[in-house]
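There are 2 protein chains.
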Amino acid sequence: MPPASFDERTGAEVREGLPPPLSDLSRLCIHTETTSPWKLPEAASAYERAGVPAITVWRESVAGHGPAEARRILEDHGLEIVSYVRGGFFAAASSAARRAAVAENVRVIEEAATLGAPLVVLVCGAVPGQPLETSRAQIRQGLEHIVPYAEAAGVRLGIEALHPVYADSRSAINTLRQANDLAETLDTPGLGVVVDVYHLWWDPDLRKEIARSGRNNRLFAFHICDWKTPTTHLLLDRGLMGEGCIPLRRIRGWMEEAGFEGHYEVEIFSEIYWREDQREFLEKIKRAYLAHT
Amino acid sequence: MPPASFDERTGAEVREGLPPPLSDLSRLCIHTETTSPWKLPEAASAYERAGVPAITVWRESVAGHGPAEARRILEDHGLEIVSYVRGGFFAAASSAARRAAVAENVRVIEEAATLGAPLVVLVCGAVPGQPLETSRAQIRQGLEHIVPYAEAAGVRLGIEALHPVYADSRSAINTLRQANDLAETLDTPGLGVVVDVYHLWWDPDLRKEIARSGRNNRLFAFHICDWKTPTTHLLLDRGLMGEGCIPLRRIRGWMEEAGFEGHYEVEIFSEIYWREDQREFLEKIKRAYLAHT
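From first to last, the protein sequence lines are chains A and B.
First residue of the first sequence? That's -1 in the numbering used here, and the numbers climb one at a time after it.
First residue of the second sequence? That's -1 in the numbering used here, and the numbers climb one at a time after it.
Extracted from the complex, chain A is given alone in its bound form (with noise of 0.2 Å):
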């Protein structure tokens, strides 16, 4: 039974339906980063076998072979392409970078046709010491110029807002309610939001901005993990679902109420993880994917 939840202003208990618990893997799809000691086609190898039906792909797991071989790679392991990571990184002192990065994030929107994902995750980007509405700005024209290319490839993108503790230089978007913004601004349907529950689980709006990034069919991603106590490293130090404080399966029933149909992406970065054999950290995330989403 999930612990009991008042209402901050009544004290009044709240009794707020949960899902039911996850009864088989046909949405669990798996970040290739999770598995970071694996090649390509190692982990497409071992996530078929696994019985993992979708993957997404990190950038760096596709260099060494580039998009149209992985493609090959996981389309004979019957893996599904969810999502292709990252894009973004726009915000930059120089004009010269920023445009830099927009030749960039072109690069990756072909790449992910090529390699067939329909979604790109963007991690938006920050400059330490940059005001962060300059880099807002700076992330909103990058996005004006490469929306064009993303409707082109066919391309959908995903705007992941960062928690606060990364606003210093990975990214100046940290809630929802601004990702929300950002994407409602730009006004056009391949543009959505990512949500991560890491970054985002200790926002009080987070239901209800959930709730509108369904309403504009604005909801392209889930990614799941938890949120150790004490954390050790501010980047590697995510734990496997249950094993923190994200109360996850509420989240789950509000993308679920929002109208989420999508696969539910194990986001790992543990170099604790890391350290252990692949295989048994595979069975251990099916195991926790099963009781704790």
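Hints are computed from structural coordinates only; laboratory data are not their basis.
Certain hints may be false.
One copy or any two copies: either way a pair holds, since identical chains are not told apart in the list.
Within a straight-line C-alpha distance of at most 20 Å, the following computed SDA-like cross-link-like pairs (lysine to any residue) qualify [said to hold, decoys possible]: (1) K206 x E131; (2) K226 x A91; (3) K226 x Y164; (4) K282 x G62; (5) K37 x D74; (6) K206 x R175; (7) K226 x G76; (8) K206 x D179; (9) K226 x E102; (10) K37 x R69; (11) K284 x E255; (12) K226 x V163; (13) K206 x T230; (14) K226 x E131; (15) K226 x A90; (16) K226 x S167; (17) K284 x A90; (18) K226 x P126; (19) K284 x G76; (20) K37 x A98; (21) K284 x G260; (22) K226 x G127.
The hints should help you fit chain B onto chain A, whose structure is shown.
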């Protein structure tokens, strides 16, 4: 000259007036925890000699003296006492632990009154795995219990919102909007908010919420330091003003716009600076304060 800023929707450059640099130390206050290696008498003596006019006292630094003796020490050195840190931690899994937290806060209020501190800073608490709404309801209930004691003692209470990176275990109040909501719900003039730039600098609503706190006469304290890139420790790697990415002078301008007339309190937890000679560190604080606040 500060970096140019741009409106994030229109891309137009924003020319925001910054307040003039500080020309003296008259509003400088230092937290005893900033110079943690010093015992209270050493800190008081060093602050006086360095021309620091005011001090915020951490509870740990009073241990071994008691608040009455601590008050005499600080008065002997002519230091104004700005606040007493810290109460709170209302969220707890058992009702016995929540009652104990209330009792502990009553003691903190009594100590603050004896010390002559007009304000107690509250870090509100969170329980790993407990829904944040539940923690927030417990926080509200804890505040309801202690407000009458604070009023009777003539001590104000300041809710400090903590960075979302601490939402798992230290505070379920993570934005100034939440702190303002909570202070307004209880509707007593002795309950207000503490703005700490380390916790709040990233928030796109910060200027608006500072203005709201000011309109409601709830802007009780202002804590300063900087956010370093990279930050290597989640608790103990804060930077000196100017070492990181926080637009400190802009935020000071927002505080002044909102009518804040209190001290600028230097609160730096840093294993790096604590290893240095604390007199040299104090001189660095003064220089950084004048150059970057």
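Structure-based check of each hint:
| no. | hint | result |
| --- | --- | --- |
| 1 | K206 x E131 | between (24 Å within a copy, 14 Å between copies) |
| 2 | K226 x A91 | between (34 Å within a copy, 18 Å between copies) |
| 3 | K226 x Y164 | both (17 Å within a copy, 11 Å between copies) |
| 4 | K282 x G62 | neither (29 Å within a copy, 50 Å between copies) |
| 5 | K37 x D74 | within (16 Å within a copy, 68 Å between copies) |
| 6 | K206 x R175 | both (9 Å within a copy, 16 Å between copies) |
| 7 | K226 x G76 | neither (33 Å within a copy, 45 Å between copies) |
| 8 | K206 x D179 | both (13 Å within a copy, 17 Å between copies) |
| 9 | K226 x E102 | neither (34 Å within a copy, 28 Å between copies) |
| 10 | K37 x R69 | within (14 Å within a copy, 64 Å between copies) |
| 11 | K284 x E255 | neither (24 Å within a copy, 54 Å between copies) |
| 12 | K226 x V163 | both (15 Å within a copy, 11 Å between copies) |
| 13 | K206 x T230 | neither (31 Å within a copy, 33 Å between copies) |
| 14 | K226 x E131 | between (31 Å within a copy, 19 Å between copies) |
| 15 | K226 x A90 | between (32 Å within a copy, 18 Å between copies) |
| 16 | K226 x S167 | between (22 Å within a copy, 10 Å between copies) |
| 17 | K284 x A90 | neither (39 Å within a copy, 32 Å between copies) |
| 18 | K226 x P126 | between (26 Å within a copy, 9 Å between copies) |
| 19 | K284 x G76 | within (18 Å within a copy, 64 Å between copies) |
| 20 | K37 x A98 | neither (28 Å within a copy, 54 Å between copies) |
| 21 | K284 x G260 | within (18 Å within a copy, 55 Å between copies) |
| 22 | K226 x G127 | between (29 Å within a copy, 10 Å between copies) |
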